[in-house]
Amino acid sequence: MLRSLGSQLLRRSSTVQNSRVFTTSAARFADGGDDSSAANSKKRIEEFLDKFTNFAPSTLAEPHFPSQFAAEDAKVSGKGEEEPAAGTPEKLTFNFYLPHAVIGSKQKVDLVLLPATTGDFGVMPGHVPTVAQLRPGVITIHKELDKDIEKYFVSSGFAFVHPDSSADVCAVEAVKLEDLDPEAVRAGLAEYNAKLGSLQGKADDYEIAAAQIGVEVYSSMNSALGL
Amino acid sequence: LWAGLHDRHCPHSAPLLRVKRRKRRFNRRDIMLRRAANTLGRQRLGDLAQSVLARDAVAAGESSIVMIRNDPAQGIRYATLQEVKLRMRSVQNIGKITSAMKMVAASKMRLAQLATENSRGITYPILKLLGDHPGADVEKNIAVAITSDKGLCGGINSTVCKFARVTSDTTGTDDGKSSTLVVIGEKGRAQLVRDRRESIVATIQEVGKVKMTFSQASGVAEELMKTEFDVARVIYNRFKSAIAYKPTIATVLSPDALEKEMALGGTLDSYEFEGPDRAEFLQDLSEFQLAVVLFNGMLENNCSEQASRMAAMESSTKNAKEMLSKLTLTYNRTRQAAITTELTEIISGAAALEK
Chain E
4 MLRSLGSQLL
14 RRSSTVQNSR
24 VFTTSAARFA
34 DGGDDSSAAN
44 SKKRIEEFLD
54 KFTNFAPSTL
64 AEPHFPSQFA
74 AEDAKVSGKG
84 EEEPAAGTPE
94 KLTFNFYLPH
104 AVIGSKQKVD
114 LVLLPATTGD
124 FGVMPGHVPT
134 VAQLRPGVIT
144 IHKELDKDIE
154 KYFVSSGFAF
164 VHPDSSADVC
174 AVEAVKLEDL
184 DPEAVRAGLA
194 EYNAKLGSLQ
204 GKADDYEIAA
214 AQIGVEVYSS
224 MNSALGL
Chain W
265 LWAGLHDRHC
275 PHSAPLLRVK
285 RRKRRFNRRD
295 IMLRRAANTL
305 GRQRLGDLAQ
315 SVLARDAVAA
325 GESSIVMIRN
335 DPAQGIRYAT
345 LQEVKLRMRS
355 VQNIGKITSA
365 MKMVAASKMR
375 LAQLATENSR
385 GITYPILKLL
395 GDHPGADVEK
405 NIAVAITSDK
415 GLCGGINSTV
425 CKFARVTSDT
435 TGTDDGKSST
445 LVVIGEKGRA
455 QLVRDRRESI
465 VATIQEVGKV
475 KMTFSQASGV
485 AEELMKTEFD
495 VARVIYNRFK
505 SAIAYKPTIA
515 TVLSPDALEK
525 EMALGGTLDS
535 YEFEGPDRAE
545 FLQDLSEFQL
555 AVVLFNGMLE
565 NNCSEQASRM
575 AAMESSTKNA
585 KEMLSKLTLT
595 YNRTRQAAIT
605 TELTEIISGA
615 AALEK
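So the sequences go chain by chain: E and W. Residue 4 is where the first sequence starts when you use the numbering used here, and the numbers rise one by one after that. Residue 265 is where the second sequence starts when you use the numbering used here, and the numbers rise one by one after that.
Just chain W, with the same shape it has in the complex (with noise of 0.2 Å):
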């Protein structure tokens, strides 16, 4: 209870509190409260007029040395009443504050549900079209993590830097190099960064932080190409419901790698080319592809951080509650077991006084 804040138990909370480890001063009058609680079950009047001689003599200055009795290690440290009240009062704040985010994610969330629900129609002719192709093999591959910027939401960050990983690794180079990672979102890059410094070519942050827009994906995409890749794999979490998401592989050809592919069978050659010559045509469409994948991929994640901030707030708070009831009892206890030695003290000194 008094290390941090943090249920084990639970993989979505994070440690609500980071315990100082402050030297700590011990009060004389709580080491002489304690003393006189342990003094009380275990020891005869006589031993407890002691203790109560010695906390007087303490109190006169006479001895500045107090000696504790029955503490069994160095290490063990009990807190006072006031510290118990200060941190009951910080564990209902966070309980608050979760409690608060956890309602703005759910309202986000419905929102980003709507935008995400209708952006996924414009995938669905191009992939019918042209087909999804993850395992092809090409020469440059990149693979595109889609991560939030903002943390607290729980493990979807770190499924799709999972994700990224073992896809650069498949794809890589037959010599052990994995291919190459753009990532977008900061959390994304923190995680990427320790391990995969070497393969990282960009990063992008802030998408989205405004609005997700469609001239925004394109300016991503714009980017993409610039690192002329044969293929793209965009990895992004698809929101399922608002406690269910699956982390996604959607796969960007280019024109040569689409047009590998297609030899291998595909039913492009029995359509007309009304436009452009087919060439040209298939570089543009791949690349209003990946401005569209990009998108799509985009407000799905966004959706499922949403929902997943949702969930992990929501855990946080029932957390907070929790301990907020264990420490109350503690408080009171220790309260009640202050007033008791109090009362004994006094009552047994007016006895022996009495005698």
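Excised from the complex, chain E in its bound form (with noise of 0.2 Å):
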């Protein structure tokens, strides 16, 4: 749980001259492993479309892709790929999306800590890939190490590390922690408590599910408020 944040500390003590003891997939990757699945893509791509082209009308366009799509915006956005840095980069890339908002694109920040659901873990510049199921908690975003800090609450999501030192995080819902309200919070957490209480022993799984769900997100942010 806490062995990837004890890793993280000791590479951070190494960071002085930007020597790395340790050699990370990022070597292994070196010469682009997002090259290679934006390869297979287009072949898995061309394949569907011969298929396709069998059964369509001479006169149907061919359709469109969403990886087409993302190759694009990341072209017109990114100003091309960054060459794959000999060793690891400085900052880490980090995007943070929801359903209905853009909170963060390509940012360059220090270290995010996100809460999984295992524990939390700090994301800094070279670490080793991982794919994570986030928890209700706070992710903390240090733009700059400990100088400027975000902080926000999320209901729950993913968030991928990449080989290439960029950290995706999808959530459902994320709000500012200063935009909590510490009264609705108390509210809310009684309320489930209390529904939870009376729901114990009826046999409705689904709604015992709900409430537990209810008790878990508020007491969190109960938590993360410091009540």
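Incorrect hints may appear among the rest.
With the Cβ distance kept under 7 Å, some of the chain W side facing chain E (calculated, not the full set) [claimed, not checked]:
1) Gly-385
2) Phe-478
3) Lys-510
4) Pro-511
5) Ile-513
6) Ser-534
7) Ala-543
8) Tyr-595
If you are wondering where the hints come from, they were derived from the structure by calculation, not from laboratory data. Using N, Cα and C, we set each Cβ at its ideal position, and we do this for glycine too.
Given two chains presented individually in distinct reference frames, assemble the corresponding complex, making use of the accompanying hints.
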């Protein structure tokens, strides 16, 4: 649980000369892990289109695919691929997405602390590629280490750390910690505790699970606000 | 011009007026006017006097049979002034309605565009991690067609339905049975139920009627999970600009299908899993991806629908204006001809009497 955090702390101490003791998997993907998946996608799309055109009338145009648009958007916004750095980049490229909003896109940050279901872990440039499922908790973004800090409460979601020192967080809902109302949180926690208490012993699993989720989210909001 | 207000050359316009084929009762006055107008150019005065006499006879009730001369065929109907005026008024009203609809669609599109662009971001990380596998070869495929509930929106719904049909054929079983369809939206249902009734397993309507939210998309995703698909292909119109949209197929794999594809070459093995074990994680991720893809697809389709409606109403308004100007010319011409014939009759009658 805390082993990755521990290894991060160890790495921080050796950051001074920007030399890395560990060989991260970044080296393995130096010739472009992304490129290979992009090429794979293109190949698969072509195979599908071959089958597709067998059944399609000749007047029908070719369909498009989301990976094509993703590549286009990346090209438009990213000013081309960054050259695979020899070693690890200085800053982590951090993307924070909600279904209805983009909180941050290609932000350069130093450290991000994520609440995974198995425990909190921090991500710095050169972190081993990870996929994590998030629990209701606080995401802390250190734009400048210990200087510029932003905290968001997330309800749940997923986090991916890629070999090219970029991290993506897809959350279902996220709010700034300052925007949480302590009164509402206290009231909500009391309500869901009561609901859970009253449902105990009755058979409906769905309702019990819903009440448990409510209790979990509200108590984590409670502890995040320090109440 | 008389058969219906439909511009055959514009793909966007729809028939604006349905002409009722009612039994036409000829007004005696019209007939006399028309005959007078016809006889003017072609006959000598004598005949004109005859026709005038014939009209008087009819008016006096002596003769109830009116001979229509110079009418080449039975089927030609000449509209009266009043009919032309009625038609002009209705075309003008239609022009006003379509112009209002166009402005409403333009403002809705602007709002929808913002929401759409915000919803695109969350699809990229999952795509980057899992990749795009449209051609995954599995047993149970479903094609989800996202269409609109309301009409008068141009060709977007027929486009999606065409692609849905072809996708369901392409991913069907080897013995020729097409894969199942799920239709979101009333217009798609109406089109697909005509030839793909047995393939449709569910239809979902009035999504986003009030506001499109992620919880609605999650609800739809939950319904789709009940079909226990291996691969779901979501077909929608991706919004490109106010005049362009691109039919897109987004693929969502179930965990088993994903493992199969990953075995063929994928980078998922190099990632460490923080959280539940791999199988449970992939299950959750697949459900999340489905909800996210549906949410994005529905928003994009909604935005494309508004843009398409804007274009359709714009061309309808233009057609209505053209039609109105043509009708106005016809009206004026007919009115002036009627006045001229009246005058001519009177004058020639007076001249004949003088003689």
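Classify the hint on Lys-510/W as holds or violated, based on whether any CB of chain E lies nearer than 7 Å to its CB. 5 Å, holds
Grab the minimum C-beta distance from Ala-543/W to chain E and call the hint holds if it beats 7 Å, violated otherwise. Where the cut-off is 7 Å and the nearest Cβ of chain E is about 13 Å from Ala-543/W, the hint is violated.
Hint check: 7 Å Cβ-Cβ cutoff, Ser-534/W to chain E: Holds - the Cβ of Ser-534/W comes within 7 Å of chain E, reaching about 6 Å at its closest.
Have a go at the Pro-511/W hint: is there a Cβ in chain E nearer than 7 Å to its own Cβ? Since chain E brings a Cβ to about 5 Å from Pro-511/W, closer than 7 Å, the hint holds.
Let me know if the C-beta of Ile-513/W comes in closer than 7 Å to any C-beta of chain E, holds or violated. With a closest approach of 5 Å, the Ile-513/W hint holds.
Can Phe-478/W be said to touch chain E, with a Cβ gap under 7 Å? 4 Å, holds
Against chain E, run the beta carbon of Tyr-595/W and see if the smallest gap drops under 7 Å. 41 Å, violated
Restraint: Gly-385/W near chain E, CB-CB cut 7 Å. Satisfied or not? At about 4 Å, which falls below the 7 Å cut-off, the nearest Cβ of chain E leaves the hint on Gly-385/W intact, so it holds.
Going through the hint list in order, the structure does not satisfy hints 7, 8.
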